[in-house]
Amino acid sequence: MPALESNGALAKRDFAPWTDRTLQPLLRIEGVSKRFGAFTAVDRLSLDIYQGEFFALLGPSGCGKTTLLRLIAGFEQAGAGRIVLDGVDLAAVPPHRRPVNMMFQSYALFPHLSVAANVAFGLKQEGLPKAQIAERVADMLALVKLEDLGRRKPHELSGGQRQRVALARSLAKRPRVLLLDEPMAALDKKLRGETQFELMDLQRRLGLTFIIVTHDQSEAMTVADRIAVMDRGRLMQVAPPAEIYEQPNSRWVADFIGSVNLFEGRAGDDGTSVEGTALGRLRVATKIAAEPGAAVWVAVRPERLRVTAAAPAPDQTGLENGAAATLVDVAYLGGLTILRLRTEAGVPLQATIANTGRLADRAVSWGGKVWLSFPPEAAIVLTR
Amino acid sequence: MKRTLMKRSFMAKLVVRVPYAWLVAFFLLPFLIVLKISLSQTAIAQPPYTPVFDLAAGWHGLVSFLAGLSLDNYAFLGSDPLYVLSYLKSLEIAALSTLILLVIGYPIAYAMTRTPRKAQAISVLLVILPFWTSFLIRIYAWMNILQHDGPLNRLLLVLDLVREPPVWLSTNTAVYIGIVYSYLPFMVLPLYATLEKLDEALLEAAADLGCPRWKAFWLVTVPLSAPGVIAGVLLCFIPAVGEFVIPDLLGGSRTSMIGQTIWTEFFANKDWPTASAVAVVLVCLLVTPIVVFQHQTMRGIERD
Numbered sequence: 001m002p003a004l005e006s007n008g009a010l011a012k013r014d015f016a017p018w019t020d021r022t023l024q025p026l027l028r029i030e031g032v033s034k035r036f037g038a039f040t041a042v043d044r045l046s047l048d049i050y051q052g053e054f055f056a057l058l059g060p061s062g063c064g065k066t067t068l069l070r071l072i073a074g075f076e077q078a079g080a081g082r083i084v085l086d087g088v089d090l091a092a093v094p095p096h097r098r099p100v101n102m103m104f105q106s107y108a109l110f111p112h113l114s115v116a117a118n119v120a121f122g123l124k125q126e127g128l129p130k131a132q133i134a135e136r137v138a139d140m141l142a143l144v145k146l147e148d149l150g151r152r153k154p155h156e157l158s159g160g161q162r163q164r165v166a167l168a169r170s171l172a173k174r175p176r177v178l179l180l181d182e183p184m185a186a187l188d189k190k191l192r193g194e195t196q197f198e199l200m201d202l203q204r205r206l207g208l209t210f211i212i213v214t215h216d217q218s219e220a221m222t223v224a225d226r227i228a229v230m231d232r233g234r235l236m237q238v239a240p241p242a243e244i245y246e247q248p249n250s251r252w253v254a255d256f257i258g259s260v261n262l263f264e265g266r267a268g269d270d271g272t273s274v275e276g277t278a279l280g281r282l283r284v285a286t287k288i289a290a291e292p293g294a295a296v297w298v299a300v301r302p303e304r305l306r307v308t309a310a311a312p313a314p315d316q317t318g319l320e321n322g323a324a325a326t327l328v329d330v331a332y333l334g335g336l337t338i339l340r341l342r343t344e345a346g347v348p349l350q351a352t353i354a355n356t357g358r359l360a361d362r363a364v365s366w367g368g369k370v371w372l373s374f375p376p377e378a379a380i381v382l383t384r
Numbered sequence: 001m002k003r004t005l006m007k008r009s010f011m012a013k014l015v016v017r018v019p020y021a022w023l024v025a026f027f028l029l030p031f032l033i034v035l036k037i038s039l040s041q042t043a044i045a046q047p048p049y050t051p052v053f054d055l056a057a058g059w060h061g062l063v064s065f066l067a068g069l070s071l072d073n074y075a076f077l078g079s080d081p082l083y084v085l086s087y088l089k090s091l092e093i094a095a096l097s098t099l100i101l102l103v104i105g106y107p108i109a110y111a112m113t114r115t116p117r118k119a120q121a122i123s124v125l126l127v128i129l130p131f132w133t134s135f136l137i138r139i140y141a142w143m144n145i146l147q148h149d150g151p152l153n154r155l156l157l158v159l160d161l162v163r164e165p166p167v168w169l170s171t172n173t174a175v176y177i178g179i180v181y182s183y184l185p186f187m188v189l190p191l192y193a194t195l196e197k198l199d200e201a202l203l204e205a206a207a208d209l210g211c212p213r214w215k216a217f218w219l220v221t222v223p224l225s226a227p228g229v230i231a232g233v234l235l236c237f238i239p240a241v242g243e244f245v246i247p248d249l250l251g252g253s254r255t256s257m258i259g260q261t262i263w264t265e266f267f268a269n270k271d272w273p274t275a276s277a278v279a280v281v282l283v284c285l286l287v288t289p290i291v292v293f294q295h296q297t298m299r300g301i302e303r304d
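Protein chains in written order, with the working numbering: chain A, 1 to 384; chain B, 1 to 304.
Just so you know, not all the hints are guaranteed correct.
Claimed, not checked - Per label pair, the in silico range of CB-to-CB distance:
#1 B/LYS215 with A/HIS155: 23 to 29 Å
#2 B/VAL283 with A/PHE39: 57 to 63 Å
#3 B/LYS215 with A/GLN77: 20 to 26 Å
#4 A/LEU191 with B/PRO130: 51 to 57 Å
#5 A/ASP148 with B/GLN120: 41 to 47 Å
Unchecked claim - In silico EDC-like cross-links for lysine to aspartate or glutamate, where the CA-CA straight-line distance does not exceed 20 Å:
#6 B/LYS215 with A/GLU126
#7 A/LYS153 with B/ASP199
#8 A/LYS145 with A/ASP201
#9 A/LYS124 with A/ASP139
In short, the hints are calculated from the structure, not lab data. Only a predicted model underlies this, so the values are computations on that prediction, with no experimental measurement involved. Backbone N, C-alpha and C define an ideal beta-carbon position, used for all residues, glycine too.
Okay, chain A solo, but in the shape it has when bound (with noise of 0.2 Å):
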């Protein structure tokens, strides 16, 4: 079976606490069940998340994302398993009592409240003195750039400027964890693709641990270190986002990780070939991970496939993977085309080229017949 967990030799930053067997993980779930009525929201999930990750929940909705955040926040109780924070078992601890804080994804700004009562709320219950909670609403404010907007009510802002507010609101109790869930499902695009940066950029120079849950998957691999994908409660893979697109684990995190053209055949008996694909015999560059004969998948991401007016004269590395297509569909999206095509046997696929050059050079058009092709470090090899 393929490893769940990474290895860490994709990840973003030179930061992978994962990898290192000595540490101590910050937020520890071990085997955590939660069912509402006959279904099963999380299922016998265990996960661990080190200090200073940024860390993403991505998977369709009714996975169960929002459920194991809440689990860690405290507003569901967990049917069976432990979450360990900092090595205390959270079992006992109401959420009021816990050291984690959660950013809503209605934001849930008191509406009765000015924003920086909002943001003074968990201090005051903290019992700090009144000059030091004012000291750090400031900063809070300041940290999200709105030192000027501390006395207006919730309904007095924009929505930009509310995510902000919850977000300063979720940090000023310096939580051990910050549960962010969908924080930027609200915002427009272009604003989105703003605030996931800034929010990194906070993240790290705060050095807490986020963790975020999002069925957005280029937000997930904007934003995260490591991305857990869940599907129907349970965790599918948990690595860096690289490795997420480049070494999936399943048939259903291909699919689900971006767009992918997935060939089925049986291992073939030199360990680096896949047999009666529908493309034929099938070269890949890994030893496979099956015995010959059984069951494989080969996954080839859109952009890896070649499309070429012909058939390329066979070079000194062999024969590569290939086919001749037809062109059925061609969507232009600026920055690169999404090609659809079909073989002469009539399996489809899709490629995407980048648009680097002037279009009027390219090689390919409608309903022309094209040449299909990958060299085998392209392809992934699926045995599940």
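For chain A, the structure is supplied; the task is to place chain B on it using the hints.
Coordinates of chain B only, in the frame set by chain A:
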């Protein structure tokens, strides 16, 4: 094209004006008539006051009509402590009843929002169920319950809570019981409507920020239910001040609320001008809280 536009705008104007026409016909005109009578003098005549405006007398008639009006009745209200005491009694009974209603109604409304969705519809139905019986019949039922050998006293005796059956009828206590019982739906429904809209995430946010549940109730739930509290208080307080039936049937001769004073002046003393003056002052007293309420609602609308 232009004609249909004009037609439509005429219809649109009509729709807006119907409620105004209604208010003019059934509130403003009667109020002006009462105001006019309050400026008149009693007379043993039909109608029992002077001056009476006579169109036939022309300009001269109008002048003598205006000359006949005076503020004497208002001065009289101030000079006789009976009226001032009656106003104060009404305000006192209405204010205390409203407070009791709030204390009883808030937990009921809160509990209603905490029940499962399906049960909520039934609980709302239960709150408005008493309206299916006539108000007067329900007050008569209370007269029966509260009478000397009525069900309440029998229950108290059986439970051994009292030795002698207490007197309920013709006391202020009975008036409070009647008002609180009758007005409870008017307190519970606006409170329920406000509390039901309260976002559960706000309470979670409060807990998340270190606030225990009971404290979050005071810091979040109570302030955010203020519009419902104001609506409920006004819906109970305003009609309670002018309440006539309940103090008349359940209260004693010592309970003299302003509604009874007006009734006495109007029907027993046949003093229409004084009765009208009492009524006009009452309207002025009650306009103040209504204006406050309007102000609050407008602020609420702006916020949404």
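Hint check against the structure, violated hint numbers in rising order:
Every hint satisfied by this model.
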